[in-house]
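Please work from the sequences and hints to get the whole structure.
2 protein chains.
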Amino acid sequence: MKIVLDAMGGDNAPSEIVAGAVQAARQLNLTVILVGKEAVIKAELAKHNTAGLDLPVVNAADAIPMDEHDPAATARAMQKTSSMGVGMKLVKDGEADAFITMGSTGGALATAQFVLGRVPGIKRSPLGAVFPTKVAASKGVFVTDIGANVEVQPFWLVQFATMGAIYMERVFGVQNPRVGILSNGEEEGKGSELVRQTYPLLKASGLNFIGNVEGKDITAGVCDVAVTDGFTGNVLLKTAEGVQDLIQTTLREALTSSFIAKIGALLVKDTLRKSLARLDYSESGAAPLLGINGLAFVGHGRSKAKAVVSAIRTAAEAVRQDVLGAVREAGQRLTKDDDAA
Amino acid sequence: MKIVLDAMGGDNAPSEIVAGAVQAARQLNLTVILVGKEAVIKAELAKHNTAGLDLPVVNAADAIPMDEHDPAATARAMQKTSSMGVGMKLVKDGEADAFITMGSTGGALATAQFVLGRVPGIKRSPLGAVFPTKVAASKGVFVTDIGANVEVQPFWLVQFATMGAIYMERVFGVQNPRVGILSNGEEEGKGSELVRQTYPLLKASGLNFIGNVEGKDITAGVCDVAVTDGFTGNVLLKTAEGVQDLIQTTLREALTSSFIAKIGALLVKDTLRKSLARLDYSESGAAPLLGINGLAFVGHGRSKAKAVVSAIRTAAEAVRQDVLGAVREAGQRLTKDDDAA
Numbered sequence: 000m001k002i003v004l005d006a007m008g009g010d011n012a013p014s015e016i017v018a019g020a021v022q023a024a025r026q027l028n029l030t031v032i033l034v035g036k037e038a039v040i041k042a043e044l045a046k047h048n049t050a051g052l053d054l055p056v057v058n059a060a061d062a063i064p065m066d067e068h069d070p071a072a073t074a075r076a077m078q079k080t081s082s083m084g085v086g087m088k089l090v091k092d093g094e095a096d097a098f099i100t101m102g103s104t105g106g107a108l109a110t111a112q113f114v115l116g117r118v119p120g121i122k123r124s125p126l127g128a129v130f131p132t133k134v135a136a137s138k139g140v141f142v143t144d145i146g147a148n149v150e151v152q153p154f155w156l157v158q159f160a161t162m163g164a165i166y167m168e169r170v171f172g173v174q175n176p177r178v179g180i181l182s183n184g185e186e187e188g189k190g191s192e193l194v195r196q197t198y199p200l201l202k203a204s205g206l207n208f209i210g211n212v213e214g215k216d217i218t219a220g221v222c223d224v225a226v227t228d229g230f231t232g233n234v235l236l237k238t239a240e241g242v243q244d245l246i247q248t249t250l251r252e253a254l255t256s257s258f259i260a261k262i263g264a265l266l267v268k269d270t271l272r273k274s275l276a277r278l279d280y281s282e283s284g285a286a287p288l289l290g291i292n293g294l295a296f297v298g299h300g301r302s303k304a305k306a307v308v309s310a311i312r313t314a315a316e317a318v319r320q321d322v323l324g325a326v327r328e329a330g331q332r333l334t335k336d337d338d339a340a
Numbered sequence: 000m001k002i003v004l005d006a007m008g009g010d011n012a013p014s015e016i017v018a019g020a021v022q023a024a025r026q027l028n029l030t031v032i033l034v035g036k037e038a039v040i041k042a043e044l045a046k047h048n049t050a051g052l053d054l055p056v057v058n059a060a061d062a063i064p065m066d067e068h069d070p071a072a073t074a075r076a077m078q079k080t081s082s083m084g085v086g087m088k089l090v091k092d093g094e095a096d097a098f099i100t101m102g103s104t105g106g107a108l109a110t111a112q113f114v115l116g117r118v119p120g121i122k123r124s125p126l127g128a129v130f131p132t133k134v135a136a137s138k139g140v141f142v143t144d145i146g147a148n149v150e151v152q153p154f155w156l157v158q159f160a161t162m163g164a165i166y167m168e169r170v171f172g173v174q175n176p177r178v179g180i181l182s183n184g185e186e187e188g189k190g191s192e193l194v195r196q197t198y199p200l201l202k203a204s205g206l207n208f209i210g211n212v213e214g215k216d217i218t219a220g221v222c223d224v225a226v227t228d229g230f231t232g233n234v235l236l237k238t239a240e241g242v243q244d245l246i247q248t249t250l251r252e253a254l255t256s257s258f259i260a261k262i263g264a265l266l267v268k269d270t271l272r273k274s275l276a277r278l279d280y281s282e283s284g285a286a287p288l289l290g291i292n293g294l295a296f297v298g299h300g301r302s303k304a305k306a307v308v309s310a311i312r313t314a315a316e317a318v319r320q321d322v323l324g325a326v327r328e329a330g331q332r333l334t335k336d337d338d339a340a
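From first to last, the protein sequence lines stand for chains A and B.
Residues 0 to 340 in numbering that gives the first Met the number 0 are what the first sequence spells out, letter by letter.
Residues 0 to 340 in numbering that gives the first Met the number 0 are what the second sequence spells out, letter by letter.
Hint data in this document are derived by calculation from the structure and do not stem from the laboratory.
Keep in mind the model is a prediction, meaning the values are calculated, not measured.
Please note that the accuracy of each hint is not assured.
If chains are identical, the list can't say which one is meant, so a pair holds when it fits in one copy or spans any two.
Quick list of in silico lysine to aspartate or glutamate cross-link-like pairs, EDC-like style, CA-CA up to 16 Å [unchecked claim]: (1) K1 / D61; (2) K1 / D92; (3) K335 / D10; (4) K215 / E240; (5) K138 / D66; (6) K268 / E252; (7) K133 / E252; (8) K305 / D61.
See below:
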């Protein structure tokens, strides 16, 4: 299996990205193609023992910056020269099975649209991420769309939910994933016009639709996939990040607030850090660009080598379980009379 | 000053409610009118030393249950007999200055619409709550609407923002409150159609409008008022509750996971509890029903005596600072050509 990795993407590129590639090539026994500025990548590779590992380098002259004001325009301008564009082209040409970047999500999504295009029949590509839950047995909840499509149509949400269910089933091994639609109340009939229009479509979709779910049902692990528009999903994502940050800041302050607290903190620090890290969905794995006609993933910008390995593991599982084939099949099956929509 | 308190509302009614009323009457030197089943309230009052305190009891035969499936219908049916309906009538008739319940929010809002009505010129009544932030100097962020109006119009949001700013200025002493509109990105032009239509209206409103804010900006204390529709606001509220619950569950598990952690937990427990309690916006004070033609507040269902006192303090400040007068003035000032809207 060949995974292309954007060596230039993310806050810790290229050093942590290349380090992660080396670890993944060894641990997962696969080829990791590093794409980016060749000289830079080779200098990084020289710092590692890569004997016996398959780590080809493909040159790309440009890199899409992390904090791009208009990532779509930059992605378009650089689609042939950026590390993202060159990397995705390898997937398109069948020279690699999946692409991963820790760079700009907007840049990756736009580049994917230009270079790989959408799966035939799929109307829009959503962003999604797996959120942690309280339930030990839960694999997490895939929330989609978390920001790509601000205004959506009911039928698109059915496609988003279907792709999310495919992802949770194939990559996380969740049998017959429970699908909910995010709303402001659990009862049928509650919700925005969009929710009320989408509800009957989801009910008739053949998915394991459990109805409306609320914000707190995500962390309660009530469903495996929660579908929503990209506006609401983005508010949910950013709110979750904000609350997590607020509580962690508060904890840090509390644990250094007195001598006694500092002593106690020494004893609980490691346990707390480990437990809270489990909640940081953004650090683990990578988010798939579903609906794109080629497997592509975006990991968190803060990713270090360990997170890069985890992202490569996720992508490899998606290749092995043929997520793309299932999405293509869904694109053919889920059609609508009004194809202009 | 006279505050009416619904003795029958909330998970801990009537005992904690009555206990809170007794404490408030003593500490804040005001009259607390207890409304509900007279015999029950009198039996509770008999458990306390009420000498010299002004705690009149007004009988109400019914109480709106907490987990009502259709609170609006129940509120309508019981508007003359419920403790909420009877209590709000006292405010309407000028026999009390403000009403507080720890009961059903939906029931309170519906009863308020029937009994007190809306302030002339105000199109809709939103729900709002003050969220905690990371910033020590911040008084919190008033997020509105958190669930009353699922589908809204741009002009309504301007009114919600204006009422939120009045509330933060008068009750929390925030000078010239910074108002943001919740969106999926900070740049102007980002957002749903509703956000993009509301943006110029807020810019021209005379409010201290700072533009778009994201979910994480709430906890970062970037603004003092964040306005949104009741659908998105409810998702934000429930997501924040869910993440907080998830982290607290995780903390509890971590702190009992080993002998060492348990010893450490003994030392940090009190500090942690105190710090985390500060984050629980739902336990402190009460949320105002803005736009209602009479001061009415809903506290959290879990409220105990201390939270009841805090709610009464908030309501008393709103009376003292004439929040209702300012909202009435806003209702006259904020008009729109299309009054059918």
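### Task
Mind listing which of the numbered hints don't hold for this structure, in increasing order?
1, 3, 5, 8
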